[in-house]
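Please arrange chain B on chain A, whose structure you already have, making use of the hints.
Number of protein chains: 2
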Amino acid sequence: MEKEALTRLHHGRVLSMDGPLAVTEDEVWVRGTRICYVGPLPETLPAFDREIDLGGNLLMPGFKNAHAHSAMTFCRSLADDMPLQPWLFDHIFPLEAKLTPERVCAFTRLAILEYLAGGVTAAFDMYYHRPEGAACAAQQGFRYVLCGMSGTPEQVEGEYTELNALHPLVSLIPGFHAEYTTSVEEMRVVSELVHRHRAPFFTHISETEREQAECLARHGMTPTELFDSLGLFDYGGGGYHCCHLSDHDMQIFRDQGLFVVSCPASNAKLASGIAPLRRYADAGIRLALGTDGPSSNNALDMFREMYLAAVLQKLLCHDAAALDAETVLRAATVGSARAMGLRDCDVIAVGKQADLIVIDLDRPSMRPIVNIPQNLVYSGGRDCVKLTMIAGRVLYEDGEFHLPDSPERIYAEAQRELQAMLGR
Amino acid sequence: MEKEALTRLHHGRVLSMDGPLAVTEDEVWVRGTRICYVGPLPETLPAFDREIDLGGNLLMPGFKNAHAHSAMTFCRSLADDMPLQPWLFDHIFPLEAKLTPERVCAFTRLAILEYLAGGVTAAFDMYYHRPEGAACAAQQGFRYVLCGMSGTPEQVEGEYTELNALHPLVSLIPGFHAEYTTSVEEMRVVSELVHRHRAPFFTHISETEREQAECLARHGMTPTELFDSLGLFDYGGGGYHCCHLSDHDMQIFRDQGLFVVSCPASNAKLASGIAPLRRYADAGIRLALGTDGPSSNNALDMFREMYLAAVLQKLLCHDAAALDAETVLRAATVGSARAMGLRDCDVIAVGKQADLIVIDLDRPSMRPIVNIPQNLVYSGGRDCVKLTMIAGRVLYEDGEFHLPDSPERIYAEAQRELQAMLGR
Numbered sequence: 001m002e003k004e005a006l007t008r009l010h011h012g013r014v015l016s017m018d019g020p021l022a023v024t025e026d027e028v029w030v031r032g033t034r035i036c037y038v039g040p041l042p043e044t045l046p047a048f049d050r051e052i053d054l055g056g057n058l059l060m061p062g063f064k065n066a067h068a069h070s071a072m073t074f075c076r077s078l079a080d081d082m083p084l085q086p087w088l089f090d091h092i093f094p095l096e097a098k099l100t101p102e103r104v105c106a107f108t109r110l111a112i113l114e115y116l117a118g119g120v121t122a123a124f125d126m127y128y129h130r131p132e133g134a135a136c137a138a139q140q141g142f143r144y145v146l147c148g149m150s151g152t153p154e155q156v157e158g159e160y161t162e163l164n165a166l167h168p169l170v171s172l173i174p175g176f177h178a179e180y181t182t183s184v185e186e187m188r189v190v191s192e193l194v195h196r197h198r199a200p201f202f203t204h205i206s207e208t209e210r211e212q213a214e215c216l217a218r219h220g221m222t223p224t225e226l227f228d229s230l231g232l233f234d235y236g237g238g239g240y241h242c243c244h245l246s247d248h249d250m251q252i253f254r255d256q257g258l259f260v261v262s263c264p265a266s267n268a269k270l271a272s273g274i275a276p277l278r279r280y281a282d283a284g285i286r287l288a289l290g291t292d293g294p295s296s297n298n299a300l301d302m303f304r305e306m307y308l309a310a311v312l313q314k315l316l317c318h319d320a321a322a323l324d325a326e327t328v329l330r331a332a333t334v335g336s337a338r339a340m341g342l343r344d345c346d347v348i349a350v351g352k353q354a355d356l357i358v359i360d361l362d363r364p365s366m367r368p369i370v371n372i373p374q375n376l377v378y379s380g381g382r383d384c385v386k387l388t389m390i391a392g393r394v395l396y397e398d399g400e401f402h403l404p405d406s407p408e409r410i411y412a413e414a415q416r417e418l419q420a421m422l423g424r
Numbered sequence: 001m002e003k004e005a006l007t008r009l010h011h012g013r014v015l016s017m018d019g020p021l022a023v024t025e026d027e028v029w030v031r032g033t034r035i036c037y038v039g040p041l042p043e044t045l046p047a048f049d050r051e052i053d054l055g056g057n058l059l060m061p062g063f064k065n066a067h068a069h070s071a072m073t074f075c076r077s078l079a080d081d082m083p084l085q086p087w088l089f090d091h092i093f094p095l096e097a098k099l100t101p102e103r104v105c106a107f108t109r110l111a112i113l114e115y116l117a118g119g120v121t122a123a124f125d126m127y128y129h130r131p132e133g134a135a136c137a138a139q140q141g142f143r144y145v146l147c148g149m150s151g152t153p154e155q156v157e158g159e160y161t162e163l164n165a166l167h168p169l170v171s172l173i174p175g176f177h178a179e180y181t182t183s184v185e186e187m188r189v190v191s192e193l194v195h196r197h198r199a200p201f202f203t204h205i206s207e208t209e210r211e212q213a214e215c216l217a218r219h220g221m222t223p224t225e226l227f228d229s230l231g232l233f234d235y236g237g238g239g240y241h242c243c244h245l246s247d248h249d250m251q252i253f254r255d256q257g258l259f260v261v262s263c264p265a266s267n268a269k270l271a272s273g274i275a276p277l278r279r280y281a282d283a284g285i286r287l288a289l290g291t292d293g294p295s296s297n298n299a300l301d302m303f304r305e306m307y308l309a310a311v312l313q314k315l316l317c318h319d320a321a322a323l324d325a326e327t328v329l330r331a332a333t334v335g336s337a338r339a340m341g342l343r344d345c346d347v348i349a350v351g352k353q354a355d356l357i358v359i360d361l362d363r364p365s366m367r368p369i370v371n372i373p374q375n376l377v378y379s380g381g382r383d384c385v386k387l388t389m390i391a392g393r394v395l396y397e398d399g400e401f402h403l404p405d406s407p408e409r410i411y412a413e414a415q416r417e418l419q420a421m422l423g424r
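These protein sequences, in sequence, are chains A and B.
Each residue of the first sequence is one higher than the one before, starting from 1 at the first, in the working numbering.
Each residue of the second sequence is one higher than the one before, starting from 1 at the first, in the working numbering.
Think of the hints as simulated: they come from the structure by calculation, not from any bench.
Here the structure is a predicted model, which is why all the values come from computation and not from measurement.
Check before you lean on any hint, since a few could be wrong.
If several chains are the same, the list does not tell them apart, and a pair holds so long as it fits within one copy or across any two.
Stated by the list, open to error - Only pairs whose alpha carbons sit at most 25 Å apart, straight line, appear in this in silico SDA-like list of lysine to any residue:
| hint | residue 1 | residue 2 |
| --- | --- | --- |
| 1 | 98 | 10 |
| 2 | 98 | 45 |
| 3 | 98 | 79 |
| 4 | 98 | 370 |
| 5 | 98 | 369 |
| 6 | 98 | 247 |
| 7 | 98 | 371 |
| 8 | 3 | 350 |
| 9 | 3 | 236 |
| 10 | 3 | 85 |
| 11 | 3 | 138 |
| 12 | 3 | 25 |
| 13 | 98 | 139 |
| 14 | 3 | 407 |
| 15 | 98 | 16 |
| 16 | 3 | 27 |
One chain only, chain A, in its complex shape (with noise of 0.2 Å):
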């Protein structure tokens, strides 16, 4: 078996997230795709494969984007500023009906270069064609976690089973898209496999205020008791958005110790309302942060839901205390990797997963330097990312990537295949 490569990323920073927030100036080694070393220069040095020069710039786990309809990409822009019913039946419905899973494959392949590029180094995503779609993030190098699965007993045992045995970078948490799209008979087919494989559950829940009253008149249960009622959190999981949850809605979420996956940007933009994070967090409920899909955010910059998901709780609450920059950094990070299963993307610490970044102090939003944590949340943005790495592979460095196909493929591809689904 060939020696896996030793990397060495050192003079920098680190902020391992791993117990109190603390910036340390440790080496970090990574053999093949794991951490073999967090600490001080030691006496002796091994023979290293690379050796990356941090700089004094900050090494820190990835971002996670704990939910996502990644291939999206291709309805950015394509219908802004509308109502919420228009914007879906209108517009995203009858292009969804021409995706195919070329397309989506061409279309997920623009995100990923977006993810890469904001330090972000796994997603949660549902959506169509996920065999392929998982297969193709994978090909890039990209952590995917995916989420839904539809059809007989049988053929969601079956996605579940080869999906989670596909690639290591690939995983399938059972989940579907809501209540509003599934009949309690779906339902109760991915609760089966749920007890039989011990595994954890999510979907959309309570996004908006009709959803949760309409819910509530079908089946007198708010989506959360309903999907509680037949099992479907007793492996624990959680929701996407969560921004109209009960206070027995919010019980349930703790004592069944789910996440809140909070899509700050998506909910402002559709006008679907702020999730009162402060209020769950002060309950005990566990946070993770998402994007949501570009079509409704538009960007898939874990920046921007971190400033978003602070501030936003600011106005909510009247409180300009409400819900600090630790609160919500944890959550991008260490909340999302746990949400979606990846307990060892979490941290910097010895045998987890090398998903790094490298975020660039020298640009300007990031000066002075008093207190990192809070630059990241309130002055960070996509323009600080100076490396991604994956699986202790540099997937984006300097503004150029290392993937298989060039960004101007990427683009003239996801380009090529809008047009023709628009007709152009």
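Frame of chain A; chain B shown alone:
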């Protein structure tokens, strides 16, 4: 007299912001500080001193930051996530007491790096040590419009005359900080100057509910009514923030042609509220956008302001159609320029100042290309800024600054002065 250099910008897309929004493939030529040609490729070409191949990227007017305390870069990440009163009185004011002209210059130079890297070509700045701050900005080649004055009638007259004659890149518009920090006697001094020079007037107005209520209690009038009663708006102007204007205030704004300079990021982070920009626009009030100081934002990023202006309005109005991309893009460019009295820096047209930026359309978030203005507002960011030109001079290009001092020196100086102020 030396012949002025002729620069050709070609092979790109042009969003002139002149008239209805349209992207053309025009050539744009600059002679000296001004645009001298906009149009198709002519039969014969003159000899150019420089040719900038835009490579298909977008040329547009630079963003204008219509409200800032630029030198407050020293407060970035120094005191986040706390209520307004302790933030101001325990953290900001004690440090500001230690400011010197040299320190204001050091922190302003840092702000200018951020402006240039973010495509901002001018700032409307209100802060201490105005003559030194303005001279420093001009020395960097940055366009600076100052606001504020204090002292006897002779002193304010002297400052107005001196700063408006200081440098072609510098101007001063009469103003003072706010109603709650200014005596009526001091306001009268400024009003007399406004009338002597037929000049517009700007100040902080109705940023918080408390400000509005306390002014009513003190004067029996809102800030807008008070300023109007003193004749301060007789030659136009406007207010910074304006989160809480009354209906009568709005009438005054519309009738006097005043600008609302909205600062959505700062208003959100300090929990001041959301300015009802949809209502203002519907009432025919002119809109501009600003960042406020990096103490409360914490970035000097007009992309963030545009995004927030649009999506916060959707939240406030419970309507995803509220305030579209075009409205906020106009506010951040043309509206802000006109609020700042920069009538010849607003659009791309012959005779206008060459305050231009190039947006890199080969960044993932700018693809696919379907609607470029919507891309700018909803998925654009500082990472998409490829070039920034002010008065015909390229000050930022492909990540490099062309300034008297290196960024390394500016970062080190700002850090050193801040540490000294903090006694560390």
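Cross-check of the supplied hints:
no.: 1; hint: 98 with 10; result: neither (48 Å within a copy, 37 Å between copies)
no.: 2; hint: 98 with 45; result: neither (56 Å within a copy, 47 Å between copies)
no.: 3; hint: 98 with 79; result: within (17 Å within a copy, 51 Å between copies)
no.: 4; hint: 98 with 370; result: between (51 Å within a copy, 18 Å between copies)
no.: 5; hint: 98 with 369; result: between (49 Å within a copy, 19 Å between copies)
no.: 6; hint: 98 with 247; result: neither (41 Å within a copy, 49 Å between copies)
no.: 7; hint: 98 with 371; result: between (48 Å within a copy, 21 Å between copies)
no.: 8; hint: 3 with 350; result: within (18 Å within a copy, 64 Å between copies)
no.: 9; hint: 3 with 236; result: neither (38 Å within a copy, 73 Å between copies)
no.: 10; hint: 3 with 85; result: neither (56 Å within a copy, 59 Å between copies)
no.: 11; hint: 3 with 138; result: within (22 Å within a copy, 58 Å between copies)
no.: 12; hint: 3 with 25; result: neither (28 Å within a copy, 54 Å between copies)
no.: 13; hint: 98 with 139; result: within (24 Å within a copy, 56 Å between copies)
no.: 14; hint: 3 with 407; result: neither (31 Å within a copy, 42 Å between copies)
no.: 15; hint: 98 with 16; result: neither (44 Å within a copy, 35 Å between copies)
no.: 16; hint: 3 with 27; result: within (21 Å within a copy, 56 Å between copies)
Checked against the numbered hints above, the structure breaks hints 1, 2, 6, 9, 10, 12, 14 and 15 and satisfies the rest.
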